[in-house]
Every structure is written in structure tokens, then in C-alpha cells.
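Visitor: Listed in order, the protein sequences are those of chains F and B.
Counting along the first sequence from 1, when you hit position 79 you're at 143 in my numbering, and nothing is skipped either side.
Counting along the second sequence from 1, when you hit position 39 you're at 41 in my numbering, and nothing is skipped either side.
Please keep in mind that the hints were generated in silico from the structure rather than gathered at the bench.
Watch out, some of these pointers could steer you wrong.
Unchecked claim - Heads up, incomplete: computed chain B residues facing chain F, CB under 8 Å, no partners named:
{"#": "1", "residue": "M34"}
{"#": "2", "residue": "M43"}
{"#": "3", "residue": "L47"}
{"#": "4", "residue": "E104"}
{"#": "5", "residue": "F107"}
{"#": "6", "residue": "G110"}
{"#": "7", "residue": "T114"}
To be verified - Simulated DEER-style distance windows between Cβ atoms:
{"#": "8", "chain 1": "F", "residue 1": "F103", "chain 2": "B", "residue 2": "N64", "range": "23 to 31 Å"}
{"#": "9", "chain 1": "B", "residue 1": "T114", "chain 2": "F", "residue 2": "F103", "range": "17 to 25 Å"}
{"#": "10", "chain 1": "F", "residue 1": "T93", "chain 2": "B", "residue 2": "N67", "range": "29 to 37 Å"}
{"#": "11", "chain 1": "B", "residue 1": "A4", "chain 2": "F", "residue 2": "F103", "range": "18 to 26 Å"}
{"#": "12", "chain 1": "F", "residue 1": "V119", "chain 2": "B", "residue 2": "I56", "range": "41 to 49 Å"}
{"#": "13", "chain 1": "B", "residue 1": "A54", "chain 2": "F", "residue 2": "Y115", "range": "25 to 33 Å"}
{"#": "14", "chain 1": "F", "residue 1": "T136", "chain 2": "B", "residue 2": "G42", "range": "19 to 27 Å"}
Glycine is no exception: its CB is placed at the ideal position from the N, C-alpha and C atoms.
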Amino acid sequence: LAKTTQPISMDSYEGQEVNITCSHNNIATNDYITWYQQFPSQGPRFIIQGYKTKVTNEVASLFIPADRKSSTLSLPRVSLSDTAVYYCLVGDGPSNTGKLIFGQGTTLQVKP
Amino acid sequence: NAGVTQTPKFQVLKTGQSMTLQCAQDMNHEYMSWYRQDPGMGLRLIHYSVGAGITDQGEVPNGYNVSRSTTEDFPLRLLSAAPSQTSVYFCASSGGQGVVTEAFFGQGTRLTVV
Chain F
65 LAKTTQPISM
75 DSYEGQEVNI
85 TCSHNNIATN
95 DYITWYQQFP
105 SQGPRFIIQG
115 YKTKVTNEVA
125 SLFIPADRKS
135 STLSLPRVSL
145 SDTAVYYCLV
155 GDGPSNTGKL
165 IFGQGTTLQV
175 KP
Chain B
3 NAGVTQTPKF
13 QVLKTGQSMT
23 LQCAQDMNHE
33 YMSWYRQDPG
43 MGLRLIHYSV
53 GAGITDQGEV
63 PNGYNVSRST
73 TEDFPLRLLS
83 AAPSQTSVYF
93 CASSGGQGVV
103 TEAFFGQGTR
113 LTVV
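Whenever a hint applies, use it, and build me the whole structure from the sequences.
Guide: Next comes the structure, spelled out in C-alpha cells:
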């Protein structure tokens, strides 16, 4: 499974757009990229998943360049409730065979 | 539809005791897995299962056993608890082969070994 690298922490202010970039230089052909969000004392929650180009849902966008060696999670107009740890995962196949490998994640602090 | 249910939510064990952490899902998911999360760290995979009767080791399997006799349940057994196993344990489930799906996590079991 490909190793991922993310910034350890980021700060932002309410209303701003936040972009978190993840590097995955050894991504395999059939790997998907998935992002999870975790609040304190809770299990991670799925945000978005993609294979290439751009994916958008009601909470975020995921940008994946052609070489797929990195990806960027974009959170539009963050609020205080978006303060959380964000994990980028790369795995074999769309459901990763249930074998999710987490890195340390990016702690996002949103300030008023 | 309860999703992924873990019991107990909190547990204190003495060194050397054994116990089983329960995990059940009602979404008919094929894949289930167990993770531990130490303070300030990401989750680490302990064991996982791709279907009833099939289990495999993850990143940190030592000191833990699992079995998957039914699709719904995936218990995690601590054989002889050690202080190093003090952690928060999460169970997760996801759809199955070829299915583009998210993983659903339980609320966690906070385990303290003294």
C-alpha cells in the first residue's frame, strides 16, 4: 500500500477555503485516494474518494493531477466545526479490501 | 439501521487479564477491520477480514486474536492484557469486492490496562 505524506497541521479562519495536499509518490495503478475526517473521541468519517481528475460532493472537492502522485482536498468556506484531523489514504481498489492504512493526518484548526 | 456498534465503550483491565471487544454491523458488509489509536497518532490496523471465515493480520497484530464466524460480527480478543495495549480501539466495516464504498467506523472502545 502506498505511503502518504501530509502536513502535520494547518490553521485557517472561518469562511476561508482550505486546501490540504497529500503526496503519494508510489501510488499503484488500481489505487484509489480516499479522505477521512476525525473529530476528537469519534471514529473517522468518510469525506470523499477519487481515482483521477476532480471529484466534488456536498462537503468537499478532491483534485488529482494526471500523474496521481499527489492529491488536494479542498474545503470551501470552512467553519469552526471543520476543526478536525484529516487523513489521506491510498489503497488497493475502491473499497481498499477493508485494509485502511492511516498516516498521522493533518490537524486543521479553524479560528473565528 | 445502527451501523457499526462497539461494546463496551470503556474498559479497565489489570495486566494479564483477557477480554473481548465486540463489534457488530448491520449493513451486510463483507469487509471488517480493527484499529487502535494512541494519543496524537493515526489509526493502526490490527486485523482485518474480507468475509466470514477469512481473517488476516494488519500492521500491529501481536497480542490480539480475531475470528469472523458471521458476516455481522468481528470480535477482537486480548489474550493477556499489557499496559502497552492501553489505547482507543475502533472497528470498521465496508462494502466488498469491486464496490466503491466508504468505510463506516464505530464510536470506539477506550481501554486502559493498569
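Visitor: Work down the list of hints and note, for each, if the structure agrees.
Guide: Structure-based check of all given hints:
Because the beta carbon of M34(B) sits about 6 Å from the nearest beta carbon in chain F, less than 8 Å, this interface hint is met. The interface hint given for M43(B) is met, as the beta carbon of that residue sits about 7 Å from the closest beta carbon of chain F, less than 8 Å. Taking 8 Å as the C-beta cut-off, the interface hint given for L47(B) holds, the closest approach to chain F being about 6 Å. Of the supplied interface hints, the one on E104(B) holds, with its beta-carbon coming within about 3 Å of a beta-carbon of chain F, less than 8 Å.
Annotation: interface hint on F107(B) holds; nearest CB of chain F at approximately 3 Å, less than 8 Å. Given the 8 Å rule on beta carbons, the hint for G110(B) holds: about 6 Å separates it from the nearest Cβ of chain F. For T114(B), the interface hint is violated, since its Cβ never comes within 8 Å of a Cβ in chain F; the closest pair sits about 15 Å apart. Between F103(F) and N64(B) the beta carbon distance is about 29 Å. The supplied range of 23 to 31 Å therefore holds.
The hint said 17 to 25 Å for the Cβ distance between T114(B) and F103(F), and at roughly 21 Å that hint holds. A C-beta distance of roughly 35 Å is found between T93(F) and N67(B), which places it inside the suggested range of 29 to 37 Å. In this structure the supplied range 18 to 26 Å holds for A4(B) paired with F103(F), their Cβ-Cβ distance being about 20 Å. Restraint check, V119(F) to I56(B): a C-beta distance of roughly 31 Å breaks the suggested window 41 to 49 Å.
Look at A54(B) against Y115(F): about 29 Å separates their beta carbons, and that is inside 25 to 33 Å. Separation of T136(F) from G42(B) is about 25 Å and conforms to the stated range, judged on CB atoms against 19 to 27 Å.
Consistency with the previously given hints fails for numbers 7 and 12, ordered from lowest to highest.
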